[in-house]
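Number of protein chains: 2
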Amino acid sequence: MGRWEPNARGRMAEAALQLYSEHGYEQTTVAEIARRAGLTERTFFRHYADKREVLFAGSGELEELFVRAVAGAPESAAPIDAVAAGLDAVAQMFAGRREYARRRHAVITATPELKERELIKLASMSAALAGTLRRRGVAEPAASLTAEAGIAVFKVGFERWAAAAEEREMSQVMREALDELRAVTAGGR
Amino acid sequence: MGRWEPNARGRMAEAALQLYSEHGYEQTTVAEIARRAGLTERTFFRHYADKREVLFAGSGELEELFVRAVAGAPESAAPIDAVAAGLDAVAQMFAGRREYARRRHAVITATPELKERELIKLASMSAALAGTLRRRGVAEPAASLTAEAGIAVFKVGFERWAAAAEEREMSQVMREALDELRAVTAGGR
DNA sequence: AGCGTTGATGACAGCAGCTGACATCAACAG
DNA sequence: CTGTTGATGTCAGCTGCTGTCATCAACGCT
Numbered sequence: 107m108g109r110w111e112p113n114a115r116g117r118m119a120e121a122a123l124q125l126y127s128e129h130g131y132e133q134t135t136v137a138e139i140a141r142r143a144g145l146t147e148r149t150f151f152r153h154y155a156d157k158r159e160v161l162f163a164g165s166g167e168l169e170e171l172f173v174r175a176v177a178g179a180p181e182s183a184a185p186i187d188a189v190a191a192g193l194d195a196v197a198q199m200f201a202g203r204r205e206y207a208r209r210r211h212a213v214i215t216a217t218p219e220l221k222e223r224e225l226i227k228l229a230s231m232s233a234a235l236a237g238t239l240r241r242r243g244v245a246e247p248a249a250s251l252t253a254e255a256g257i258a259v260f261k262v263g264f265e266r267w268a269a270a271a272e273e274r275e276m277s278q279v280m281r282e283a284l285d286e287l288r289a290v291t292a293g294g295r
Numbered sequence: 107m108g109r110w111e112p113n114a115r116g117r118m119a120e121a122a123l124q125l126y127s128e129h130g131y132e133q134t135t136v137a138e139i140a141r142r143a144g145l146t147e148r149t150f151f152r153h154y155a156d157k158r159e160v161l162f163a164g165s166g167e168l169e170e171l172f173v174r175a176v177a178g179a180p181e182s183a184a185p186i187d188a189v190a191a192g193l194d195a196v197a198q199m200f201a202g203r204r205e206y207a208r209r210r211h212a213v214i215t216a217t218p219e220l221k222e223r224e225l226i227k228l229a230s231m232s233a234a235l236a237g238t239l240r241r242r243g244v245a246e247p248a249a250s251l252t253a254e255a256g257i258a259v260f261k262v263g264f265e266r267w268a269a270a271a272e273e274r275e276m277s278q279v280m281r282e283a284l285d286e287l288r289a290v291t292a293g294g295r
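Protein chains in written order, with the working numbering: chain A, 107 to 295; chain B, 107 to 295.
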């Protein structure tokens, strides 16, 4: 495997997911990941900021997609419905990737360090959503709370979708979760 | 400062908060923290699992308090109202500690690594709350969603409280945030 | 007072994550 | 064919973190 093989980033991401799955995150060394990808440790750190980031390459696109869908919702839509539109767009992105999502999620769930990284990515999404809602004229703290609600639905919905049978579509699961959140918050009083 | 000075943990926690505030988290070395506390690096790691954990010593008690209040809510209370009772109990704990909370929050907000740690502590609280709600007979996904909603209110409410004037009590801020969440989720349809 | 036990701390070696600096090499333009 | 460019390799070094063993203060027992 020569120096200039194509797709170095992708090879390292796949190698990392394999090794994290097989031997665990902590037991895996960055040098091992790089070696399996036919590269060196130094090159790994040129592509990924740290050992965790290699599993979160797509999070930027996900956030962009989510934000764009919320920003593009009809002006007349209530904030929570704009977020629902965002969840729908996100759900499309996961179509056909349930197996990969499961593999990745299993590793993250088993590793606190990776869980931390996932949480800060979700927090970044929440902040971006809140900003988008503010640009739509939503005041604080409504904007932040709506964004947090959307992320809560995404978190719970994602886990249910990942655990579910192939037939259940993510968009449907997300809608159910949002309805459940509505019911539950309306519960008291 | 001799070997057996009392309250080694507290001294290190205070030294860490000072140094993180003055020079930044990354620029502060664990050896420096230990030295300011009159101890060695090795002793620091005997008391705290890592360089971040030194700022989160109280998170366990906070979670316990929250959970106990939810578990102790009247059986007739709706899930969201049980969580509201928990928020109220938590708010009592912060009474008179706004200045300390501000200092600590400023450092955490400025440091992604610390933000990650805070987020996983909140996720732990969310999971504990969901478990408590399940024990109260709440089914999934309602339990997890209610717990996430409670944490969302806590996050948004905390920031507002920390930024607010001395007169505004945390319990009041939390109640307002919860009302706002109710309004916002009910918004669509 | 003397002595052994216990628990916290210090001292040291070492690995892994991560970075800066510089050399090397493939591809591409002209 | 040559100079440039950008990705990669190599090496040195710091810091976070851990295992291991020695040291020391406090306390109880005789």
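Mixed in with the good hints, there may be bad ones.
Any copy will do: because identical chains look the same in the list, a pair fits if it lies in one copy or spans two.
Simulated pairs of lysine-lysine, BS3-like, Cα-Cα distance not exceeding 30 Å [stated by the list, open to error]: (1) Lys-261 / Lys-221; (2) Lys-227 / Lys-261; (3) Lys-157 / Lys-221; (4) Lys-261 / Lys-157; (5) Lys-227 / Lys-157.
What the hints contain is simulated information worked out from the structure, not anything from laboratory work.
Now the hints, each set against the structure:
1. Lys-261 / Lys-221: both (12 Å within a copy, 18 Å between copies)
2. Lys-227 / Lys-261: Both: 12 Å inside a copy, 16 Å across copies.
3. Lys-157 / Lys-221: both (13 Å within a copy, 18 Å between copies)
4. Lys-261 / Lys-157: Intra 23 Å, inter 28 Å, cutoff 30 Å: intra and inter.
5. Lys-227 / Lys-157: Classified as both: same-chain Cα gap 15 Å, cross-chain 21 Å, threshold 30 Å.
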